[in-house]
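*Asks:* So the chains spell out like this:
There are 2 protein chains.
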Amino acid sequence: MHVVNVNKDVMKANNELAHSNKKLLIKNRVFAMNIMGAIGSGKTTLIEEAINALKDRYRIAVIAGDVVAEMDASRFEKLGVRTVAANTGRECHLDAKLVERSMENIDLEDTDILFIENVGNLICPVDYKLGENVRVVVVSVSEGDDTVLKHPMIFRTSDLAIVNKVDISEAVSADPSKMKADIEKLNPSIPVLLTSRNDRISIDRWIEYIESYLE
Amino acid sequence: MHVVNVNKDVMKANNELAHSNKKLLIKNRVFAMNIMGAIGSGKTTLIEEAINALKDRYRIAVIAGDVVAEMDASRFEKLGVRTVAANTGRECHLDAKLVERSMENIDLEDTDILFIENVGNLICPVDYKLGENVRVVVVSVSEGDDTVLKHPMIFRTSDLAIVNKVDISEAVSADPSKMKADIEKLNPSIPVLLTSRNDRISIDRWIEYIESYLE
Ligand SMILES: Nc1nc2c(ncn2[C@@H]2O[C@H](COP(=O)(O)OP(=O)(O)OP(=O)(O)O)[C@@H](O)[C@H]2O)c(=O)[nH]1
Ligand SMILES: Nc1nc2c(ncn2[C@@H]2O[C@H](COP(=O)(O)OP(=O)(O)OP(=O)(O)O)[C@@H](O)[C@H]2O)c(=O)[nH]1
Ligand SMILES: [Mg+2]
Ligand SMILES: [Mg+2]
Ligand SMILES: [Zn+2]
Ligand SMILES: [Zn+2]
Numbered sequence: 001m002h003v004v005n006v007n008k009d010v011m012k013a014n015n016e017l018a019h020s021n022k023k024l025l026i027k028n029r030v031f032a033m034n035i036m037g038a039i040g041s042g043k044t045t046l047i048e049e050a051i052n053a054l055k056d057r058y059r060i061a062v063i064a065g066d067v068v069a070e071m072d073a074s075r076f077e078k079l080g081v082r083t084v085a086a087n088t089g090r091e092c093h094l095d096a097k098l099v100e101r102s103m104e105n106i107d108l109e110d111t112d113i114l115f116i117e118n119v120g121n122l123i124c125p126v127d128y129k130l131g132e133n134v135r136v137v138v139v140s141v142s143e144g145d146d147t148v149l150k151h152p153m154i155f156r157t158s159d160l161a162i163v164n165k166v167d168i169s170e171a172v173s174a175d176p177s178k179m180k181a182d183i184e185k186l187n188p189s190i191p192v193l194l195t196s197r198n199d200r201i202s203i204d205r206w207i208e209y210i211e212s213y214l215e
Numbered sequence: 001m002h003v004v005n006v007n008k009d010v011m012k013a014n015n016e017l018a019h020s021n022k023k024l025l026i027k028n029r030v031f032a033m034n035i036m037g038a039i040g041s042g043k044t045t046l047i048e049e050a051i052n053a054l055k056d057r058y059r060i061a062v063i064a065g066d067v068v069a070e071m072d073a074s075r076f077e078k079l080g081v082r083t084v085a086a087n088t089g090r091e092c093h094l095d096a097k098l099v100e101r102s103m104e105n106i107d108l109e110d111t112d113i114l115f116i117e118n119v120g121n122l123i124c125p126v127d128y129k130l131g132e133n134v135r136v137v138v139v140s141v142s143e144g145d146d147t148v149l150k151h152p153m154i155f156r157t158s159d160l161a162i163v164n165k166v167d168i169s170e171a172v173s174a175d176p177s178k179m180k181a182d183i184e185k186l187n188p189s190i191p192v193l194l195t196s197r198n199d200r201i202s203i204d205r206w207i208e209y210i211e212s213y214l215e
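Top line first, the protein sequences correspond to chains P and W.
Residues 1 to 215 (the UniProt record's numbering) are what the first sequence spells out, left to right.
Residues 1 to 215 (the UniProt record's numbering) are what the second sequence spells out, left to right.
Bear in mind the hints are in silico, worked out from the structure with no lab data behind them.
Each hint can be trusted.
Taking lysine-lysine pairs in the DSS-like style, the calculated list, with each CA pair at most 27 Å apart, reads:
hint : chain 1 : residue 1 : chain 2 : residue 2
1    : P       : K78       : W       : K178
2    : W       : K78       : P       : K178
3    : P       : K97       : W       : K8
4    : W       : K12       : P       : K8
5    : P       : K23       : P       : K97
6    : W       : K97       : P       : K8
7    : W       : K8        : P       : K8
8    : W       : K12       : P       : K12
9    : W       : K97       : W       : K23
10   : P       : K12       : W       : K8
Interface residues of chain P toward chain W, partial, derived using beta-carbon atoms under 7 Å:
hint : residue
11   : I39
12   : G40
13   : V67
14   : A69
15   : C92
16   : I123
17   : C124
18   : S142
19   : T147
20   : L149
21   : K150
22   : A171
All C-beta atoms in this analysis are idealised placements derived from N, C-alpha and C, irrespective of residue type, glycine included.
Produce the complete structure using the sequences and hints provided.
*Replies:* Pasting the structure below:
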């Protein structure tokens, strides 16, 4: 009871901040993606692929969310894009406040695409809007092909779902087309991509998805 | 600030309940393990293996934590052990209250081993004691071999660490011995097991670990 009341206050404050983040992003014509997903599902890898494919044509920045580490931030920095490490400390998700503070270190006027990599978690990021234009959820076959039905909310509230690492489906006894079907059952209008970093065509589809939002 | 104060109240209430759970478990001579770990890292599979190996000699019960689903609970039920599905609703971790309520549906006098499978998450379960005797953390190579250093707290506060799915290390470009070394750096006294469900000897070591607590 106690907890629920406070959560309402926290959620309200977060929603308001997310709204002001969104206004700032729109004013600066920045396209912002919140990349959520399971621990180690391939979020950083997919963002790296997109950066490599798009950085000659678009000005890209990244906010790399993590509890304490800065390993993902260093991976992005190596690609020569503006990167801010956003450490949550003990929290298992990014929130709008942390994104607001991170954006203070990014020249938004000089940015076309902002990737925000969330903390590996399929539960709490659902509740915390950040001000993003598009929410992406990434799972991999390796989590097991029951992962989708175990975490319905994140698939219901995302704009794109990616089932990654399809190259190792057999080794982990998972059926990616069952996962796709489960996602479509939960959210009939969501596009679903099956990807593997070893399959160039699948990665190209992910990049085309991003480009479909840019002129 | 607001959040921190309340969290203190929540944590205090949880610690008190965990303590009373622990007393109840000790009084009934139940050995309880809190199995934490990454999403899809193999928690259910490892508990299933242990149940199969131990159920003829010990009376086993399971609390299967999940946000909404009951898939893991059905897997345990199939093995003929007392199973309670503990759904957290929106929470990303089990807490002592939910375990207390779940234990009301278990005849503790008739139980030697209680497995508590936590929600797939490497962050929040750290803060929530349940009353368990032993805390186990499971990661798999598939999350990437930087996962340990990204989540130091759970390795510092666990009694056993398992690096699972070592059979697919190459396919996901992960080095399990780096992961073991990282864990031992964070927590020099913790035993670390490298396991694969395809390697019987590695599974036997996990079962021997459990038996070392039983007479
Ligand atoms: N086989 C295979 N492995 C992959 C693929 N994509 C990523 N990986 C591996 O999966 C591991 C995790 O990849 P990351 O991109 O770091 O995943 P992440 O979701 O950013 O991880 P966190 O930020 O730690 O939650 C790494 O060891 C990668 O090499 C893929 O398509 N196939
Ligand atoms: N290759 C390989 N796959 C494994 C191993 N252990 C489990 N798996 C696969 O990994 C997936 C997840 O296994 P689970 O035991 O359900 O994992 P979990 O940690 O209980 O998952 P959640 O409860 O959903 O977080 C399944 O598809 C298993 O078949 C292993 O040692 N090697
Ligand atoms: Mg990452
Ligand atoms: Mg499980
Ligand atoms: Zn959270
Ligand atoms: Zn939590």
